[in-house]
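Participant: Note that the protein sequences, when read in sequence, are chains L and G. Letter 204 of the first sequence, counting from 1, is numbered 752 in this note's numbering, and no numbers are missing. Letter 120 of the second sequence, counting from 1, is numbered 815 in this note's numbering, and no numbers are missing.
Certain hints may be false.
Stated by the list, open to error - One-sided and incomplete, this derived list gives chain G residues near chain L with beta-carbon spacing under 7 Å:
{"no.": "1", "residue": "E710"}
{"no.": "2", "residue": "R742"}
{"no.": "3", "residue": "V754"}
{"no.": "4", "residue": "L846"}
{"no.": "5", "residue": "C850"}
To be verified - What the simulated footprint calls covered on chain L by chain G, stretch by stretch (three residues with Cβ under 8 Å from a Cβ of chain G suffice, anywhere in the stretch; the number is not a length):
{"no.": "6", "stretch": "589-596"}
{"no.": "7", "stretch": "600-606"}
These are computed hints drawn from the structure, not numbers from a lab. A quick note: this is a predicted structure, and the numbers were derived from the prediction, not measured. The beta carbon of each residue, even a glycine, is placed where N, CA and C say it ideally should be.
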Amino acid sequence: MNKRPDIAYIRRYVNGELSHREMFEIERTAHEDELLMDIIIGLELEKKKGADAHAVQELQHRISDRSREIRSRKTRKAIFWKVVGAAASVVLTLAVGMRWWITSNVVEQPPTLEPSVSIERKSPGPIESETVPSVEEVKVPTAPPRQGNVSRRKGEKTVAFVPDVIELELPQPRRERGGDIPFGVKSIEADSTSVQEETMVAHSKMAGRTISSNVASSDERIMIRGTSAYRRNGGASNITNIPVNEIKSITTGIVVDQHTQEPIVGAAIRDIKSKSVVHTDSTGRFVIASTEEKTDLQVSYVGYVQTAVAANGSVRIELRPNEAVLSEVGAAGEAPKAKEIKSEPVIGARAYRRYVGSLARDARLGKGTVILVFSIDRNGRPSNIRIKQSAGAERDREAIRIIRDGPDWTPGNDSEEVEWKVSF
Amino acid sequence: MKFYRSPISSEVEDEMLLSLFKDGGDLEALGELYGRYAEMVYYVCFRYFKETERSKDAVMQIFEELIVKVGKQEIQHFGKWIYVVAKNHCLMALRSSKNKTEFPLDDFVEFSALRHQEEDDTDKEERLMQLERCMDKLPERQKQSVDLFFLQEKCYKEVSELTGFSLNEVKSYIQNGKRNLKICLDKVNE
């Protein structure tokens with residue numbers, strides 16, 4: 549089997565933590581593989597000169613900062629109406645902000661006067677759609693100040709905050725009402741089976757696009773408006789190529805560390821079907837739009853194992869720290885309770901099936917189904933691939949090749965082998 | 696690139712991110728894609744520059760190059776491609792810098808000297824004989840090291856322990872022995 553260590557593994561080699569056989573395998577491969585040789589020499593030099601432990605992390609930040617910087621510069625060159633639009637929204641923002649400020653200071657003011665896209669219902673029940681009539685109301689989400697702002701009204705605590713805003717034209721304020729937890733972390737944790745879901749649709753006339761959102765409502769109410777998913781649809785910089793009227797579903801959620809349960813900031817969430825990508829905000833939350841009713845999300849963050857989940861209204865995603873990285877820093881402490889996790893393709897079972905299916909079709913070997921059994925090694929590669937049901941030598945060979953050279957897997961801990969059907 | 700692989704990426708995803716950038720100009724997608732290989736690029740740069748800060752700067756410069764280059768080229772394996780871009784960047788930078796002495800020629804490595812081709816048995820036999828004859832012509836230390844590493848499959852550390860040579864000596868004996876073998880074999884085949 550071809551072994552494919554990552555940099556953490558090569559670092560273990562450089563530190564002399566590997567067995568003689570493992571060392572030989574790396575050395576032998578390096579004789580044929582220039583890149584591997586370069587990395588080994590680089591790591592050896594780094595070890596000699598003293599490592600900059602944060603270099604890679606710093607680079608990741610610099611790269612993502614840089615890519616946003618260039619993008620916003622491009623955005624600035626945008627068309628005239630956008631400038632006009634921005635100016636208009638500033639004026640509106642001020643006007644509405646004033647009104648909001650006034651209302652929130654009048655204690656006895658009935659809540660109906662709250663100038664917001666109020667899609668809140670006292671009794672939960674499905675709402676088909678709700679048209680927001682006035683432009684002023686639609687613009688409200690841009691009104692609250694950018695910093696955490698807590699105002700008390702009628703004994704309730706309303707928390708408004710704005711997550712990292714990358715673009716000028718579409719800030720993403722978000723509010724939550726969640727008991728006394730400031731950012732409502734708990735409220736999203738609510739067990740999804742007990743959560744009644746209301747689908748609410750608000751039409752924003754000024755922007756000329758439809759915004760739909762699944763809002764989970766339980767004892768604790770969550771309201772999310774103006775979402776980071778839309779920053780990609782900001783006028784000329786619409787780069788996910790999702791025309792807004794094609795958005796069929798929106799998924800909201802939170803990404804947390806599996807062990808510490810701390811929210812993870814800046815994790816990337818990718819919709820496998822519509823290919824849009826969003827990042828979690830400063831509280832680990834995200835909102836992502838998709839052109840599909842049902843899709844899979846793929847969540848990744850440096851130092852964690854990439855995870856795929858089905859998009860489902862509101863989701864809580866727990867990322868497992870990448871052990872390879874953890875062992876580097878010598879993490880100590882109680883071992884987390886071992887949950888039985890099945891091995892699964894990193895890109896999600898559905899995408900993996902499509903990948904395998906399309907390659908099998910392209911092979912043009914005639915009809916037949918091969919069932920393979922294999923285990924996943926700790927590098928996430930299928931190994932020990934065997935045939936459970938054959939469909940002729942040629943198809944068998946091709947099926948093995950497809951799996952062997954295919955996408956990575958996330959190894960489970962149930963030590964069960966994977967069975968996969970390849971249909972030609 | 697058979698061996699190295701970024702831990703959180705697969706080629707399918709790389710392609711996805713790449714097409715996001717190529718088709719829609721999504722710079723964040725490119726940033727994310729490059730971010731996956733940043734560590735690899737960093738160590739390749741480190742191997743040539745031997746300095747933290749200079750390597751970091753190079754990683755960022757390569758990213759700038761990337762924005763221009765990606766759209767113009769047909770890229771099949773991003774990982775492979777970015778390695779070539781990074782290495783060329785480093786070599787160019789070193790060549791243009793005045794202080795040429797800082798470039799360590801000793802570190803240069805020759806590759807794919809011993810390529811296995813499919814041959815029938817008689818050819819194989821013949822080749823093995825030649826290999827043996829050439830092995831005998833090697834200086835004793837090189838012969839010993841090459842034999843232990845390539846034929847007996849010992850790692851550098853074991854070779855060093857068995858022969859009493861230092862680790863660096865072992866590396867250079869193997870390197871030079873390999874080169875001499877290749878020269879010898881080429882001569883015989885001519």
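Participant: Decide, hint by hint, whether the structure agrees.
Facilitator: Here is how each hint holds up against the structure:
Taking 7 Å as the C-beta cut-off, the interface hint given for E710(G) is violated, the closest approach to chain L being about 11 Å. At a threshold of 7 Å, the smallest CB-CB gap from R742(G) to chain L is about 4 Å, leaving the interface hint in force. At a threshold of 7 Å, the smallest CB-CB gap from V754(G) to chain L is about 5 Å, leaving the interface hint in force. Interface restraint check: L846(G) against chain L, minimum CB-CB distance 11 Å, threshold 7 Å, status violated.
Here the hint on C850(G) is kept, as its CB sits about 4 Å from the closest CB of chain L, short of 7 Å. Only when three residues or more bring their CB closer than 8 Å to a CB of chain G does the claim for the stretch 589-596 of chain L stand; here the count is 5, and the claim holds. Coverage of the stretch 600-606 of chain L by chain G holds in this model, with 4 residues showing a Cβ closer than 8 Å to a Cβ of that chain against a need of three.
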